[in-house]
Amino acid sequence: MKRKTARMIDTALTHLILIAVCFIFLFPCLWLILASFSKSGSIYSFKGFFPQEYSLDTFRNLFTDTEMYNYPQWFRNTLFIAVMSCLLGSFLVILTAYTMSRFQFSGRKMIMKTTLVLGMFPSFMGMIAVYIIMTQFGLINKMWGLILIYSANAPMGYLTQKGFFDTIPISIDEAARIDGATNLQVFYKINLPLSLPIIVYTALTSFVFPWSDFILPKLLLKEKDLYTVAVGLMNLGETEFSRFAAGSVFIAVPIVILYFCLMKFFVNGMTFGAVKG
Amino acid sequence: MKRGNRKNTVHDVLKRAGRNVKLSMCVMGLGQMLYGQIGKGLCYFAVLVMAVIYFVHRGFKDLAGLFTLGTQEADTWLGIEGDNSVVMLLMGILSAIAVLFLVYCYLSNIKDAYETQKLCERGGRPMGFREELKQFLDRKFYKTVLLLPILGVCVFNILPIVFMILIAFTNYGGSTVPPKLVDWVGIDNFVQVATLSQFAPTFIRILGWNLMWALISTAVNYFAGLGLALLLNKDCVKGKAFWRAFPMLAYAVPGFITLLGFKFMFSYGGPVNQIITGMGHRAVGFLDIDAKWMARIIGFTINAWISVPSIMLLATGILSNRDASQMESAKIDGASAFQQFRHITLPFVLFSTTPVLISQFIGNFNNFGIFFFLRGGLYIDGYFLASDTDLLINWLYNLSINNNYYNVGATISLVIFIITSLISLLIYTNSTSYREEDTFR
Amino acid sequence: MKKIGSMILAGILIVGMMSGCGGTGTEQSAPETVDGDAKEIGADAAELKGIYSGELERGVTIRVLENDTAISEGYFQELIDAFNEKYAEYGIVAVDANMDQYSNLADDGPYGYGPDVLYQANDVLMKYVEGKHIYPIPAQSMSCYDMIPQAAWDAYRADVDGTEYIMGVPVNIQSSMLFYRKDMLPDNWETEWDKNGNQIPDMAESWNDMYRYSKEIVDRGEGKFGYMRSLYDVYFSSGFLFSYGGYVFGDNNTDATDIGFAAGDAAVGANVILQQAELMNEDCIDDSVTVSAYSKLADGTYFATMTTPDVTSLFLRELTNVYEKEGLSAEEAEKKAEENLVVTQVPKLPASGDLTEENPELIPLKTMGGVNGYAISAYTKAPNACLAFVEFATDYEMVMKRHEYLGIVPARSDAAQAAGGISEIIYRNLDQGDIVIMPSIREIEQVWTPAQTFFQDLAKDAFRTTDKKYTSIDLIKEGLESVDQQIYDAIHTLAGGQ
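Residue numbers (our numbering), protein chains in the order written: chain A, 955 to 1231; chain B, 10 to 450; chain C, 153 to 650.
It is worth saying that the hints were derived from the structure and are not from the lab. Note that CB positions come from ideal geometry on N, CA and C, so glycine has one too. There could be a bad hint or two in this list.
Stated by the list, open to error - Derived coverage of chain A by chain C (criterion: at least 3 residues anywhere in the stretch with Cβ under 8 Å from a Cβ of chain C; other residues may be distant):
id: 1; segment: 1089-1096
id: 2; segment: 1144-1152
Said to hold, decoys possible - Simulated DEER-style distance windows between Cβ atoms:
id: 3; chain 1: B; residue 1: MET288; chain 2: C; residue 2: LYS621; range: 27 to 37 Å
id: 4; chain 1: C; residue 1: ASP313; chain 2: A; residue 2: GLN1090; range: 25 to 35 Å
id: 5; chain 1: A; residue 1: GLY1134; chain 2: B; residue 2: PHE76; range: 50 to 60 Å
id: 6; chain 1: A; residue 1: THR1136; chain 2: B; residue 2: VAL61; range: 30 to 40 Å
id: 7; chain 1: C; residue 1: ILE625; chain 2: A; residue 2: LEU984; range: 48 to 58 Å
Looking at chain A on its own, in the form it has when it is part of the complex (with noise of 0.2 Å):
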């Protein structure tokens, strides 16, 4: 009987906390969503946090007014560059941390120090190093340039998916080296399926900054037509402020749809946990 009032006040304040941490941050984006319907498009005729008068003309000139201000132009090359981008991006993270963690060869422990090492540099002080490289191979107003470069700096950031792969059993491995697999059926046949949660990790994670980045797109693509949201929304005029609410939210909208898709992956990854012990 105590142990389940225990467990009922256990419950009861579960979802307190959840309450709160889901209020702290829905808050903020419901203020965006809310502001994104605005009628007035100025943000200063709010009433404290929310509009006052609600309308859906600001998401019809988002998609229609698209003389200055080419939204869905934008919306397509930015989906393009980062569906691109996280496909090869994904791809050569997922094997270099595999790799880090599964091989010994020398040069590793190396290779580990100076990833990391590499990666206090300053990273805006080699934009125009970047930008020169680019300017030489002819890849300015390429939106193959970007993808490259999203691409070939994945791999920076595997530490973090090779800390997951440390956690997968090397015994699995063994046995099936043992059974006559090669190293790439090793990885694909066996480790690829128990990996599925870092995977879809990654795969967002790698979606998501080139989805969001302004930087290089405003750095290397110069045409507006090639603009990307990102780029597109900082230059929109000083009182358009509810068509940047609106761009902001249905920025935010793939990467919502691509969450819900991949949770299950996500979550279920081990649930076949027999590999343990």
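Starting from the structure of chain A, add chains B and C where the hints point.
Just chains B and C, lined up with the frame of chain A:
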């Protein structure tokens, strides 16, 4: 093993090299071909041919440019194309990398030929091309896999860094930007920074705050994210996907939009102040010139708001990989929830997320956006061209980009880089996740 | 002019130099000496023969960088259509460069990505001179030469290798104006607030009367304000310093070793700002007022503000909305808004710097201004066609069209006269030296942050309850001197050898 081997044999190789090895020394791949390894020989030969073409075409010129940094200033009005020192510096580095690569290929070519020679002497048969290729999917799988990432990182990460490091030894900046010619100046920049009296106090102040910022915000984000993941992992929580969606919402909005939104929210005319004044109080300057600690605390909070969701996500993934049976047995042994957390969950999560902690630390240490967006455009008394919330990276930005002194910026970032990377290397090499990689295997 | 997050972009865009984005800057006092017909400026066409052969290139496309409003309001389309029609026989086609209006030619041009012709502010364009990223203009041989005042040409004058050149063609003069609501004037203003009986209310003529009226409004306790402005903004606040002897750089804004924010009685001017701040609320400390002024002037919270005339349409739109909500038809509301929003010359300052003084001796308020114009990229393949385009875009007809579409203030005297109203006032102020054109040297970029910090601190001081910093003119002067020092540090300390 290989390295030690090679050192021993440098002398031997020269002395004992047979005809084929010597041919490989003269022309890459020739020896291999004579051993019947046509495919491999052609590969080495192709590398040589490509290298020759590259160096004749532009490699030598680029390499020379690395030293001169240009001799002819451009003048568009007179139609003189001239040299762009910065491009020359960059292409020079690229050609130096090409030289290193060629040397590496050359040595590997000799070593390969020598190994084959030894193999034949022992009565073996040179390996076929196909067999050799197969090795790259198996024993040498790592080489295959790491080739692309390393190439990418070299071009887009190491090359820019080397470039910036070299900039610290030039006079690039101020009015000396292309089309003006840039020159090597040795350690002048370091001397200048070291002798600048205003520099040291600001540096120490900002470094102190920066370390504090990185430590506290990493701790806050990490434990908040982990706590949230654990909370959502509890059995009594139903509809986990639903609850998790809220932090994800925050994650889905791009960081700079979040920061601009919060900046507006806390501005004098923003909604927070509207409510405060509406209740009859005076408006609060959350982020204004006097708001040192207030702004810092807001910075911590907003940074947590932005970073916690992704850490939660990651921790959730890792927790799902936790050994459930261990928990069960602990439960049966009567361990309390806290004990379970302290002795089973925490060590496990800490182990597998040490890299996350480190990358969080690095990310926070170099968190450019947060105070740039929230409280940019201020120089505060007692700081040399910086404000009291600026991190080193913001200060660097003020010095190098805002004020155009790339050389000084590069010099300072080199100094900062050395300090910070030493610290983080020390932490990392002492962490369990680095030293005992197989604890949980 | 300012964009959401323009500040942010200002920086990250690296490579080469940055513009302050949105354009802010100044020239100092005493342009009277510059005038005079005798002084011929710039290298003439003969000297520039090496660049402009005089023969139009055939079958070329020139990419023109225009500003966003010109494109969105349709003016730019009209301009290139007219140009393309006229030059169809040569096969010359002008097109939109399709780039960010603030993009930096020094970054794009050398690598072949820049536009051929640029329309930007003078401080931005003149940054390109040092690296010779733009071509000089044979100004004297252009038809607009005599129509544009020397003060405007001065903004584009540069000394390169010992020869003087003109680097751009002025089109539009930008400066601050007073915006106020006519229907918020006191009912009896014609008898009580018009001492000289010239049908212009006193508050629009003298800052002392503006101060008095603002106080009256604030004292009513309805949460309303008189004159409001974000005071941290250097573009608007520095004018008060200039009026009392301050300047940015010495030697007509060309000597970056001499920084003059504290020069003369500039501290008195800063004190005027402090007095104004006391009648505002905290919104004046950060950019809140700048962003909210459109709607707050419309809903009657503010009576007046100071800003540049290019945003007039935004004020009108907001005001029209308010009237529509009050029940007027769209047409009536628009008419009423146009009637009640007055855009006029900025008021005059008291010579003593005391806003509470009655019947003070008045001096003009010098405002910071800029001259937007066309320049030709040095990376163009068709300089002669570009020159033809600039010539075409700056002739009377096109400038008048530009004025009609965009409400800009023409730099051409004939157009300014024909346009009348604000255009005439601003044109006259420029001619009289009351508009201080922002410096055209690179070092101007290091001015904004220190100055902005000071003005923010000053505005904040009005709301500090304890530890007020600027309680006397001397303390203000000290503050300004430290601004000068900071700017000096930013420019010179790191340059080496100093």
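Tested hints:
Counting residues of the segment 1089-1096 of chain A whose C-beta lies closer than 8 Å to any C-beta of chain C gives 3; at least three are required, and the coverage claim holds. Counting residues of the segment 1144-1152 of chain A whose CB lies closer than 8 Å to any CB of chain C gives 0, so the stated coverage by that chain is violated, three being the minimum. Between MET288 of chain B and LYS621 of chain C the beta carbon distance is about 28 Å. The supplied range of 27 to 37 Å therefore holds. Under the hint 25 to 35 Å, the C-beta atoms of ASP313 of chain C and GLN1090 of chain A, about 30 Å apart, fit the expected range.
With their beta carbons about 55 Å apart, GLY1134 of chain A and PHE76 of chain B fall inside the hinted range of 50 to 60 Å. At about 37 Å, the CB distance of THR1136 of chain A to VAL61 of chain B agrees with the hint of 30 to 40 Å. Between ILE625 of chain C and LEU984 of chain A the Cβ separation comes to about 49 Å, which falls inside the hinted range of 48 to 58 Å.
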